[in-house]
Amino acid sequence: MIKILTACGSGINSSQEIANTIVDELASRGITNIEAKAVIMTDVTPELLSNYDIFCPITEPDFQFEITIPIIVSGTIMYKVEMMYRDVIDQIEELIKKLDK
Amino acid sequence: MHKYFMFEDFQTKVELIETVGKFLRKKDIVNETFISALAEREEAFPTGLETAQFVENGVNTAIPHAEIEHCKGDALMFVYNKTAIPWKDMVFKKELDVNFFVFIISASGGSHMLFLPQIIDVLKNVEFQSKLILINSTEELEQLVNEKFGG
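Protein sequence lines, in the order shown, are assigned to chains A and R. Those letters in the first sequence? Residues 579 to 679, by our numbering. Those letters in the second sequence? Residues 11 to 161, by our numbering.
Check before you lean on any hint, since a few could be wrong.
Stated by the list, open to error - Example chain A residues on the side facing chain R (calculated, C-beta under 7 Å, incomplete): (1) Ser588; (2) Thr637; (3) Pro639; (4) Gln642; (5) Gly653; (6) Lys676.
Since the hints were derived computationally from the structure, they do not count as laboratory data. Cβ atoms here follow ideal geometry from the backbone N, Cα and C, with glycine treated the same way.
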């Protein structure tokens, strides 16, 4: 199982939108062993990240700690235009292949 | 869900946020902490969307909001500002010129998760944006929004 963490600023659940789209798009490419969880950016800690394989925040985070898992900024998913976020899904798919889980 | 409308010509982001915040306070739908919370949140996590890219001569949009503890109810407030206000993009944090604002007020959290995809869909609509740039009053804004978002 590949575990993906998405994150956004609080308020309107953009990270859940991102998580849903990633799961759906990967499923359409035949990748179904995905678990995606959405959190708010201020809840992200090194401990939390250590439980995940890929981090997909809405924007480049400004953390005071080092991110030790692969990160793919995924905010373009918010536009709901496949052409705009295809590159994000391509990068995630590529990473999943490398993880070989 | 309540919808509020405003057609204005604010010159700055501060003027816009404070006036909208005071308006919503008078409606008793946000707490007194709303204005500062929204401004702080916008600084840390900007909400601009580059919706102008979808339509020739289109406008950019922002969806400012604060955490649920600063809100007393659920509502949307649509603001069309004649002067474009510099506002940071939510993904790349680059500066956009924004004319259209959808303030999201949520005390419950859940309802706006359902509404966000609809907002994005409407903003990609060529007819909506073409009419939006011709808006000249609060009444016209209300009519257009209700046409596209449901009355």
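| Earlier hints that do not hold, by number | The structure breaks hints 3, 4, 6; every other hint is satisfied.
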